[in-house]
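Participant: When you line the sequence shown up against this note's numbering, it's residues 1 to 396, in that order.
Since the hints were derived computationally from the structure, they do not count as laboratory data.
Fair warning: there could be bad hints in the mix.
Unchecked claim - Keeping only pairs whose Cα atoms sit at most 30 Å apart, straight-line, the calculated BS3-like set for lysine-lysine is: (1) Lys285 with Lys129; (2) Lys150 with Lys293; (3) Lys307 with Lys326; (4) Lys129 with Lys140; (5) Lys208 with Lys239; (6) Lys149 with Lys363; (7) Lys164 with Lys150; (8) Lys124 with Lys285; (9) Lys307 with Lys293; (10) Lys109 with Lys356; (11) Lys159 with Lys281; (12) Lys370 with Lys48; (13) Lys203 with Lys179; (14) Lys67 with Lys363; (15) Lys327 with Lys150; (16) Lys281 with Lys164; (17) Lys67 with Lys164; (18) Lys183 with Lys164.
Predicted model, so just to flag it, every value in this text is computed and none were measured.
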Amino acid sequence: SGSSVSPCGSTPSSTMGAMDKRGPEEDAPRPKRSRALRQKEPVDPVAKQCNTISEALHSAALPSLAKETLDAVILHALALHREDRHDYQEQMVQALGNTLQDLEGDLRKRLAEAERELQEVIAKAEDLKQEQADAEESAKAALNVSLEKKEALAQTALKFREAKRGLEEARRAEEVGCKEFHKFAGDSEVLALALTDIFEPLKNGTLKPAQRIQEAEQLMSSLRGRLELDATLEKTLPKALITPISERSSFTTMVVHQFEETLVAHIEDLRSGCEAEDSSKEVWKAAVLSAEKVFETADGHQRAAAKTFTADNDFHKRQTQVVNEKKKAVRDTRPLVRNCESSLAELQIKLDDFQKGPLEAFKMLQCRAKPLVEGALMPAPEGEATAPPAEETNDF
């Protein structure tokens with residue numbers, strides 16, 4: 001496993017030799033050291049690098065057998081100096097390097113995919129913002145149109161009320177006029193009877209003294225609401241009428257004649273008004289018809305304006321709903337952008353850690369050579385033979 005690569009710092013021969021030559025004293029259990037002492041033990045850089053690579057392999061999505069094989073490669077090949085590896089070990093190291101490069105390529109691919117997803121989300125957010133701006137502009141234009149139609153509706157409603165008021169006045173004038181003509185006819189008839197049946201007998205003195213007072217009161221009652229007299233005439237007329245002709249003074253006679261002229265003239269006026277009834281009715285009828293046409297026109301205009309305003313106002317409401325939907329869609333993209341940015345940052349950190357950790361450690365161990373030892377044999381001069389080096393064996 002990756003945690004058991006402690007021999008990475010020595011060559012296979014030295015490691016195996018050391019393992020074969022351990023004496024009994026080395027096999028004996030060593031006394032436990034304190035934690036402080038253990039923390040001060042130097043860390044083998046080769047073992048640390050091997051562990052780094054092993055941990056990266058174990059965290060990767062590789063088959064268990066592949067992980068075990070690569071662990072063996074780390075322990076029995078990569079941990080050796082470059083000069084100590086035979087061809088098969090070098091091939092296995094190369095295979096390990098290819099695996100690490102594949103892992104790096106996978107991280108790069110995931111990073112590129114995350115970058116693409118981020119750019120797509122950002123582009124979608126920008127498109128939605130533009131759609132929101134377009135929807136807001138459309139909603140603003142729809143609002144202006146709706147306000148114009150609302151003002152037009154208010155104007156038509158004002159004209160409608162004026163037309164309705166005009167129609168009511170025309171109908172009321174016709175009604176009042178007809179009532180007045182009916183009153184003219186009734187007053188004319190009552191006053192004509194009062195003239196012939198009451199006033200003339202009183203004026204001529206043909207009534208008995210006992211009937212004079214009663215008839216005079218009946219005459220004054222018939223005049224009420226039909227003929228307005230001035231205060232003097234109204235006060236002196238009853239007394240003048242009940243006075244016998246022989247006892248009437250010039251003033252009393254003048255009062256009787258003045259009343260007669262007034263009554264006859266008023267009766268003629270009433271009759272003339274009745275004769276003008278037909279022409280007046282035509283005038284009133286024409287006024288009512290004209291007012292009805294104006295009212296119908298105003299009503300039609302108001303209905304049309306109300307229909308137009310309703311349609312434009314409904315359109316503005318729909319546009320406002322679209323704006324709200326676009327705003328919500330833009331808000332919904334914000335957590336997506338943050339998630340993509342977070343994923344991208346995490347993958348970038350993983351890639352950086354992988355490159356600076358396992359990949360860099362592999363490159364260092366792959367090319368690690370034996371250190372030069374002072375006093376090492378220099379190349380022999382020509383003609384001098386050198387002893388052949390001791391033959392090393394590898395168990396891998």
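Participant: All hints, please: hold or fail.
Facilitator: Right, here's what the structure says about each hint:
no.	hint	verdict
1	Lys285 with Lys129	violated, 65 Å
2	Lys150 with Lys293	holds, 24 Å
3	Lys307 with Lys326	holds, 29 Å
4	Lys129 with Lys140	holds, 16 Å
5	Lys208 with Lys239	holds, 15 Å
6	Lys149 with Lys363	violated, 78 Å
7	Lys164 with Lys150	holds, 21 Å
8	Lys124 with Lys285	violated, 71 Å
9	Lys307 with Lys293	holds, 21 Å
10	Lys109 with Lys356	holds, 18 Å
11	Lys159 with Lys281	holds, 27 Å
12	Lys370 with Lys48	holds, 18 Å
13	Lys203 with Lys179	violated, 33 Å
14	Lys67 with Lys363	holds, 19 Å
15	Lys327 with Lys150	holds, 28 Å
16	Lys281 with Lys164	holds, 21 Å
17	Lys67 with Lys164	violated, 96 Å
18	Lys183 with Lys164	holds, 28 Å
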